[in-house]
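Just so you know, the sequences run in chain order A and B. Per this note's numbering: the first sequence = residues 1 to 491. Per this note's numbering: the second sequence = residues 492 to 613.
No lab work stands behind these hints: they were computed from the structure. Quantities reported herein were computed from a predicted structural model and do not represent experimental measurements. Please note: incorrect hints may appear among the correct ones.
[As the list claims (entries may be wrong)] Only part of the chain B face toward chain A is listed, based on derived beta-carbon distances under 7 Å:
no., residue
1, Ser-504
2, Gly-535
3, Lys-537
4, Asn-583
5, Ala-606
Don't be surprised by glycine CBs; every beta carbon is placed ideally from N, CA and C.
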Amino acid sequence: MKEPIKMYRNDYWQTLPLLLASGFGLLGLIVSKHFEINGLATAGVLIVLTVGLYFWSKKYYRMSLQAIEQNLSAKLQQENDEIIQGLQNSHKQAILQAGTNRVATERQHIETLLTGLAQDFDTLSKLHGGQHQEKIEILPIPVETQIAGLTQRCKALTMHLDELSTGTENQDSGIDGLDSLCQKVLPIWASQVDMARVHSEESIADLAQRFGTLTNRLDAASLASQNAVSGDHDLQGGIVELLQNSQLELGTITTALGASLEDKGKLLGSIEDLSGFTEQLSNMASEISSIARHTNILAINAAIQAAQAGNAGRGFSVVASEVRKLSQSSGDYGKQITDTIASVNEAIKGTLTISRKFARQDEETLDNAEQIIAVVLKRFRLAAVGLTESEELLRIENNAINHEISDVCVALQFQDRVSQILTHVGDDLNKLEQHLNTLNSTETGTGLPRSVNVEQWLEDLVKTYTMEEQIAVHDGAKIEIKPNENNITFF
Amino acid sequence: MAKTILFVEDSASVRQVMNSTLTREGYDVILACDGQDALTKLDGSKIHLIISDVNMPNMDGLTFVKAAKQLPAYKFTPIIMLTTETQATKMNEGKAAGVKAWIVKPFQPAQLLAAVAQLIQA
């Protein structure tokens with residue numbers, strides 16, 4: 001017997017007899033009070049009735065509930081079974097349908113593969129000169145028949161290939177001359193690629209060197225211009241300093257010329273003073289002439305007195321005669337001095353006239369020189385300003401050109417990347433050539449594989465790449481060169 | 492006194508460009524065409540910085556760096572790798588070997604000069 005379900009095992013129903021007993025107790029109390037029946041007896045009867053009701057109801061409810069539960073369980077089980085059976089049936093039908101569809105798809109796929117295989121076999125047979133087989137019609141011949149036919153043809157082709165590979169005279173034509181072609185053309189390709197790489201490398205290096213030289217020469221020209229205009233770092237030797245020095249030196253010259261003119265003025269004053277001395281000398285010469293005349297008169301008087309004295313005055317007469325000669329000589333010298341002084345005076349006057357004329361000319365020359373120097377210095381100043389502006393322009397242009405050349409230098413780095421790509425291609429070509437040589441030197445009877453593992457080959461090729469672009473292109477991506485924005489990593 | 496930089500690069504064009512750029516900045520530059528050539532230039536003289544390519548014939552850059560770090564005179568010389576190589580494994584290998592900076596080509600000369608100045612002053 002199954003256990004009753006939980007909702008019926010809570011035994012709440014047992015409270016019902018207690019309620020009934022309580023009701024009966026209350027009823028007994030009323031009856032005993034109105035019909036004068038012994039209360040104890042009534043209570044005893046009621047207790048017996050209550051206990052009886054309790055056990056009866058307990059058994060009856062349990063049995064009833066169990067019957068209901070069984071009925072419900074059986075019904076639910078049946079319904080569940082029916083539902084499950086239905087679901088299983090529908091599921092089996094779906095699986096069966098899917099399986100059918102899949103089988104149909106697989107069959108179609110296999111038929112397609114077999115068609116391709118049949119065509120490949122036809123091609124292979126033609127390529128290797130095997131006996132021509134009748135082409136198998138794929139539909140509606142069953143797949144089993146096709147497989148059997150293909151197996152037979154595969155065996156025939158394998159035998160034919162074995163015959164070809166063991167033969168010596170036709171060994172090169174085993175892959176229709178492709179391996180021979182590769183052996184000959186691969187080193188040529190590799191050499192051509194390497195030559196292109198070396199040629200471009202040398203050309204770009206030369207170009208880079210020329211750009212470097214150009215940059216250095218531009219710097220040198222800019223520096224020379226800067227030095228010519230502004231001087232070196234200490235601002236020495238430039239045209240500005242030259243202008244300042246020239247102004248100072250020319251100022252010194254004009255000052256010297258002015259001083260010279262002043263000295264000439266003093267000289268003229270001295271010469272004029274000298275003309276004053278000549279007048280004094282002329283007066284002194286007149287006095288000498290006057291003294292000579294008086295001495296001559298005195299000598300004549302002395303000679304007269306000596307003649308009157310006779311022999312006693314003869315000696316005195318000689319002295320008087322000599323004095324007279326001296327006075328005449330003094331008069332002559334006084335006259336000569338007067339004449340000479342007059343000549344000197346004339347010469348000094350002439351010199352004064354010429355000197356004054358030269359002094360005026362010098363003053364005019366000095367004025368002109370100052371004006372000319374001022375004009376020249378002004379022109380120099382303007383030229384210096386123009387040169388300074390030109391030098392600034394040259395410096396700006398030089399910086400711009402340097403920037404452009406810097407960009408060109410960056411662009412020239414493509415050569416390194418191209419060189420690496422070409423190197424990888426060349427290395428792979430050489431590797432393929434060596435592999436083909438190895439394959440062709442391997443005898444067919446050794447059991448060693450005479451094939452190329454394409455997947456492994458491509459995997460090895462990827463390992464040689466250094467740039468992301470190479471990997472992307474290898475994977476079939478569109479060729480796209482992306483500029484590196486942040487290409488410096490500090491550790 | 493000018494600082495000395497050893498520049499190791501198999502590409503003649505890049506070598507030429509960087510020689511010009513570094514010289515203009517006032518550095519003394521020693522050039523080498525691969526790792527093997529560069530090792531012969533490490534003769535004990537003072538070198539303030541090494542800049543090296545990674546993929547080079549005869550001896551690659553990372554092998555050169557490891558060999559250079561074995562030399563007592565160049566154990567603490569800062570090294571910059573200048574390469575087209577972008578694979579993280581190679582960068583990590585460089586970092587483990589003692590490389591201070593990894594610059595991927597193409598690069599602006601100003602970028603390299605900034606890195607050089609930073610590492611030389613450090």
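- Item | Hints violated by the structure (listed by number, smallest first) | 2, 3 and 4
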